[in-house]
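With chain A fixed as given, assemble chain B onto it according to the hints.
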Amino acid sequence: MDFILPNFAPAMPEIFVLSMACIILIVDLFLTEHTRVVTYLLSLITLIAAAVLTANLDTTEPVLTFSGTFINDRMAVVLKLFIYLITFVVLVYSHNYLRTRQLYQGEYFVLILFAVLGMMVLVSAHSLLTIYLGLELLSLSLYTLVALRRDSVSASEAAMKYFVLGALASGILLYGLSMLYGVTGSLDIGTISHHISATVATPGQHSMVLVFALVFVLVGVLFKLGAVPFHMWVPDVYHGAPTSVALFIGTAPKIAAFAMLMRLLVDGLGDLHSEWQTMIIIVAILSMAAGNIIAIAQTNLKRMLAYSAIAHVGFLLLGILSGTLNGYASSMFYVIVYALMSLGGFGMIILLSRAGFEADRLEDFKGLNQRSPWFAFMMLILMFSMAGVPPTVGFYAKLAVLQAVVEADLVWLAVLAVVFSVIGAYYYLRIIKLMYFDQPDDVAPLAAGFDMRIAMSANGLAILGLGLFPSGLLTLCVTALNL
Amino acid sequence: MPADFPLLSLAIWLPIAGGLLLLATSSEQRVQHTRLLALIVSLLTFLCTVLLYTHFDHTTHKMQFAEQLAWIPAFDINYHLGIDGISLPLILLTSFTTVLVIIAGWEVISYKSAQYMAAFLIMEGLMIGVFSALDAILFYVFWEGMLIPMFLIFGIWGGPNRVYAAVKFFLYTFLGSVLMLVALLYLYFSAGSFAILDLHQLKIGITAQVLIFLAFLVAFAVKVPMWPVHTWLPDAHVEAPTGGSVILAAIMLKMGAYGFLRFSLPITPDASHELDWLMILLSLIAVVYIGFVALVQTDMKKLIAYSSISHMGFVTLGFFIVFMIFEQTGSTSGAVMALEGGLVQMISHGFVSSALFLCVGVLYDRLHSREISAYGGVANTMPVFASLMVLFALANSGLPGTSGFVGEFMVILSTFKANFWFALLAGTTLVLGAAYTLWMVKRVIFGAVTNDGVAGLKDINAREALVLGVLAAAVLGLGLWPAPVLDIMHPSVQHLLQHIMQSKL
Numbered sequence: 000m001d002f003i004l005p006n007f008a009p010a011m012p013e014i015f016v017l018s019m020a021c022i023i024l025i026v027d028l029f030l031t032e033h034t035r036v037v038t039y040l041l042s043l044i045t046l047i048a049a050a051v052l053t054a055n056l057d058t059t060e061p062v063l064t065f066s067g068t069f070i071n072d073r074m075a076v077v078l079k080l081f082i083y084l085i086t087f088v089v090l091v092y093s094h095n096y097l098r099t100r101q102l103y104q105g106e107y108f109v110l111i112l113f114a115v116l117g118m119m120v121l122v123s124a125h126s127l128l129t130i131y132l133g134l135e136l137l138s139l140s141l142y143t144l145v146a147l148r149r150d151s152v153s154a155s156e157a158a159m160k161y162f163v164l165g166a167l168a169s170g171i172l173l174y175g176l177s178m179l180y181g182v183t184g185s186l187d188i189g190t191i192s193h194h195i196s197a198t199v200a201t202p203g204q205h206s207m208v209l210v211f212a213l214v215f216v217l218v219g220v221l222f223k224l225g226a227v228p229f230h231m232w233v234p235d236v237y238h239g240a241p242t243s244v245a246l247f248i249g250t251a252p253k254i255a256a257f258a259m260l261m262r263l264l265v266d267g268l269g270d271l272h273s274e275w276q277t278m279i280i281i282v283a284i285l286s287m288a289a290g291n292i293i294a295i296a297q298t299n300l301k302r303m304l305a306y307s308a309i310a311h312v313g314f315l316l317l318g319i320l321s322g323t324l325n326g327y328a329s330s331m332f333y334v335i336v337y338a339l340m341s342l343g344g345f346g347m348i349i350l351l352s353r354a355g356f357e358a359d360r361l362e363d364f365k366g367l368n369q370r371s372p373w374f375a376f377m378m379l380i381l382m383f384s385m386a387g388v389p390p391t392v393g394f395y396a397k398l399a400v401l402q403a404v405v406e407a408d409l410v411w412l413a414v415l416a417v418v419f420s421v422i423g424a425y426y427y428l429r430i431i432k433l434m435y436f437d438q439p440d441d442v443a444p445l446a447a448g449f450d451m452r453i454a455m456s457a458n459g460l461a462i463l464g465l466g467l468f469p470s471g472l473l474t475l476c477v478t479a480l481n482l
Numbered sequence: 000m001p002a003d004f005p006l007l008s009l010a011i012w013l014p015i016a017g018g019l020l021l022l023a024t025s026s027e028q029r030v031q032h033t034r035l036l037a038l039i040v041s042l043l044t045f046l047c048t049v050l051l052y053t054h055f056d057h058t059t060h061k062m063q064f065a066e067q068l069a070w071i072p073a074f075d076i077n078y079h080l081g082i083d084g085i086s087l088p089l090i091l092l093t094s095f096t097t098v099l100v101i102i103a104g105w106e107v108i109s110y111k112s113a114q115y116m117a118a119f120l121i122m123e124g125l126m127i128g129v130f131s132a133l134d135a136i137l138f139y140v141f142w143e144g145m146l147i148p149m150f151l152i153f154g155i156w157g158g159p160n161r162v163y164a165a166v167k168f169f170l171y172t173f174l175g176s177v178l179m180l181v182a183l184l185y186l187y188f189s190a191g192s193f194a195i196l197d198l199h200q201l202k203i204g205i206t207a208q209v210l211i212f213l214a215f216l217v218a219f220a221v222k223v224p225m226w227p228v229h230t231w232l233p234d235a236h237v238e239a240p241t242g243g244s245v246i247l248a249a250i251m252l253k254m255g256a257y258g259f260l261r262f263s264l265p266i267t268p269d270a271s272h273e274l275d276w277l278m279i280l281l282s283l284i285a286v287v288y289i290g291f292v293a294l295v296q297t298d299m300k301k302l303i304a305y306s307s308i309s310h311m312g313f314v315t316l317g318f319f320i321v322f323m324i325f326e327q328t329g330s331t332s333g334a335v336m337a338l339e340g341g342l343v344q345m346i347s348h349g350f351v352s353s354a355l356f357l358c359v360g361v362l363y364d365r366l367h368s369r370e371i372s373a374y375g376g377v378a379n380t381m382p383v384f385a386s387l388m389v390l391f392a393l394a395n396s397g398l399p400g401t402s403g404f405v406g407e408f409m410v411i412l413s414t415f416k417a418n419f420w421f422a423l424l425a426g427t428t429l430v431l432g433a434a435y436t437l438w439m440v441k442r443v444i445f446g447a448v449t450n451d452g453v454a455g456l457k458d459i460n461a462r463e464a465l466v467l468g469v470l471a472a473a474v475l476g477l478g479l480w481p482a483p484v485l486d487i488m489h490p491s492v493q494h495l496l497q498h499i500m501q502s503k504l
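Sequences listed follow chains A and B, in order.
If you count the first sequence from 1, position 273 lands on 272 in numbering that gives the first Met the number 0, and the numbers rise without skipping.
If you count the second sequence from 1, position 95 lands on 94 in numbering that gives the first Met the number 0, and the numbers rise without skipping.
To be clear, the hints were calculated from the coordinates, so they are not data collected in a lab.
Any given hint could turn out to be false.
Restraint-style ranges between C-beta atoms, simulated for each label pair [stated by the list, open to error]:
#	chain 1	residue 1	chain 2	residue 2	range
1	A	Asp57	B	Ile39	52 to 60 Å
2	A	Gly471	B	Leu201	25 to 33 Å
3	A	Arg98	B	Asp3	52 to 60 Å
4	A	Ala443	B	Ile39	36 to 44 Å
5	B	Phe415	A	Gln369	55 to 63 Å
6	B	Tyr110	A	Ser456	51 to 59 Å
7	B	Leu43	A	Asn481	58 to 66 Å
8	A	Gln369	B	Ala461	31 to 39 Å
9	A	Glu156	B	His32	37 to 45 Å
10	B	Ala461	A	Ala443	55 to 63 Å
In this text, a Cβ means the ideal position worked out from N, Cα and C, and glycines have one as well.
Just chain A, same shape as in the assembly:
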């Protein structure tokens, strides 16, 4: 039996991140609390270098490698670059936070790098096996990250819930994947897609097993996205996890989950569109309704952001269900924009927190305009962006998705979506009300460091800047999917 060496080039970034994660793990053994900044800097350098490697990949056409289980195309490159960017900012935001909370351990950085690796594999997966591999690498890292503060009851509880429910969802997904394999006899997404289009083309041959497989696969993916009715874990995990971990869970993995949806549902089961469209419509409506309405009742900002995440996922699904290229591009735009906004939202909590004090209650934002007009303004931009008010980029994300929905002749769904976004506007407005209309209870100056302030300002200004000139990112998303 001949051993043919696979083409390693498309997977260079993954190989690099894996090696660096292992090196950092070892280097960290020799570091103390005072010198741990080396771990931090090495992690940042890893992300930058991975971005350079990824950006230099040839993407004129999709390249398959490792016997067709790994794909590198433009969508993968764009999504990976955003995953690096967001993780980079996550690390900058959390650096000081970790230091003041006895969480400043090498594991945090290494686990985040492994999670990034899992996301990269997921984004580039072209086989059911690689999808599952990437997903599990990501999920296991995240479970551990949530439990990082192991003496905290709420963190352990959140980790336990997340793990048990996540394992269940993985099991369901695996079951669905096994059915797909049973029907099509292949793990390769391309082969599965061919097989299904052949079955769908001949009427009467439509296999019931396929629909079952579809349901199970969808459940698994929707759980990872946190869509209703598979959303129960989201508020508890966001609330219980340390803010620096919730910050990570609420941002980059959403992009990876979107990629998983694209690879499985669109690339693999695209010909079953008529079957999954209805399911996704229902899930999207439920997510927007439950997310927006329950968020109103929250008094904790992390929980509010969790329900807002659920509502945003509902909106994101609207773009996918249209089944058009523009729709997929709009969802991709939406998920990237959402990740940036969520990053800013959690970033603000960290910015206002200081040693021994978590600024995660809504009241902690009272009178921020008095304490720091600049960061109140940044939060204002973020909140209006989440509500979808121009001239922030959140508006264009909603516009793009709505456009896809209207294009698919589902005007009623667009109307429903905008009505829910009006309901959603209420709780974002409440934060602005607290910051601008109320007087502060707490007049302590902000304790955040210089790097944090710069990153936060850049985050807020990016939301505004992209809102004034959304064209570049939009075009990037359209061309990324347009092969």
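This is chain B only, laid out in the frame that chain A set:
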């Protein structure tokens, strides 16, 4: 000045840049500099819009000062600006009012005055943008973007119940506009373009037209506001700071009416025709019923707010009575008068209501009460102020010689050509308007001094006299000689009417 100088862009972005500069450079110590800078920026913007007026060609209905740049090519959205005879007067009104608001807030606003001035300047740019956008999405961005500074103005500098009013204001208008957004997206897929002028030419079936018309109606009716979606306005006015009330009454309400002229009538003329009974009905309810509501108010600002709703009913009546006039007379000349009457009423109401809100502001700054019963006999202690306020009150009740008369008279006169009873009902406003305005004036201004607070009042200072005096001149000017305004409007109104009288089915 070169022909392709982007004067419109300058009028939009100059105040926005000025506002951001204010935010960046403000400090509590140099508050005087901040105010001066705000005044200079607003005066420069006013100058820009005056240049627009002097270079405006009165003879054509075509869009002038047009600018077009690709903005979001992926969605075919352009930065496309241009103005015609309908938008120019409103742009002038906007920049004029902003100058007055800046001066009126000079010493009155001491809390975060830089943010206050900046909010008004940024809003000025956005409002001029609304009146000059020729791309539907660009229009929407300006239209919605405006909510942000207005929300903050209500919430930061408003009265005790300001949070309720601000949130109510935001959610009402937001709900209206998102439905308009869906309608615009639908139109985009029918026309393949977001250009408003392309949408005007688009042929649409009657069912779709009716649905689009209703979506637009929600957006614009909330803004105007028409009965029964008017309830946010009295709350907003009562809680808003004086400057906020002035901008709200003078300009934001006009945007809804402008939307009818720019979107509803030309894009869905058949649905407008089909549903004109509804619009006339709602307008008449606003005129008559809200007139009665105004009569029983005890809060001056609430009274003026209801009077605004009632007067805006005239505007929408003038706009939607045109179909009936055309059917009765067979010519567009009567309809032109109705539309122009509505437009003049918009401008006049901009002057009169801002003046009245400023008058209430003057009193409120001194005695911190808006209740009519807290005053009485103000004329004894503030004679100059009293005479100005009486002038504005008379203008509000439509006295000939003031601007309030011109618009109301034109609308009522042309309504007679359509239906005698409608005109009669609309005419009751002359009685009702006089009743509630003059009764308020009687209780506040005239009679004996009722309490020590009033006895200790000082008459208006030079700054307040300047603001009210300029407005008084504007009210009388437009009332005595409305021709320049009518001349600007005429070609555009004529063209609009010819356009909407042709079926697009």
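Okay, the hints, checked on the actual structure:
For the pair A/Asp57 and B/Ile39, the beta carbons lie near 56 Å from each other, so the given range of 52 to 60 Å is met. Separated by about 30 Å at the C-beta atoms, A/Gly471 and B/Leu201 satisfy the suggested range of 25 to 33 Å. The beta-carbon spacing between A/Arg98 and B/Asp3, approximately 57 Å, falls within the hinted interval of 52 to 60 Å. At about 38 Å, the CB distance of A/Ala443 to B/Ile39 agrees with the hint of 36 to 44 Å.
Judged by the Cβ atoms, the range 55 to 63 Å given for B/Phe415 and A/Gln369 holds: they are separated by roughly 58 Å. A hinted range of 51 to 59 Å for the beta carbons of B/Tyr110 and A/Ser456 is inconsistent with their spacing of about 25 Å. Hint check: B/Leu43 to A/Asn481, Cβ distance near 46 Å, so the stated range 58 to 66 Å is violated. The supplied range of 31 to 39 Å is met by A/Gln369 and B/Ala461, whose beta-carbon atoms lie about 33 Å from each other.
A hinted range of 37 to 45 Å for the beta carbons of A/Glu156 and B/His32 is inconsistent with their spacing of about 56 Å. For B/Ala461 and A/Ala443, the Cβ-Cβ distance of about 44 Å falls outside the hinted range of 55 to 63 Å, so the restraint is violated.
Hint violations for this structure: numbers 6, 7, 9 and 10, all remaining hints satisfied.
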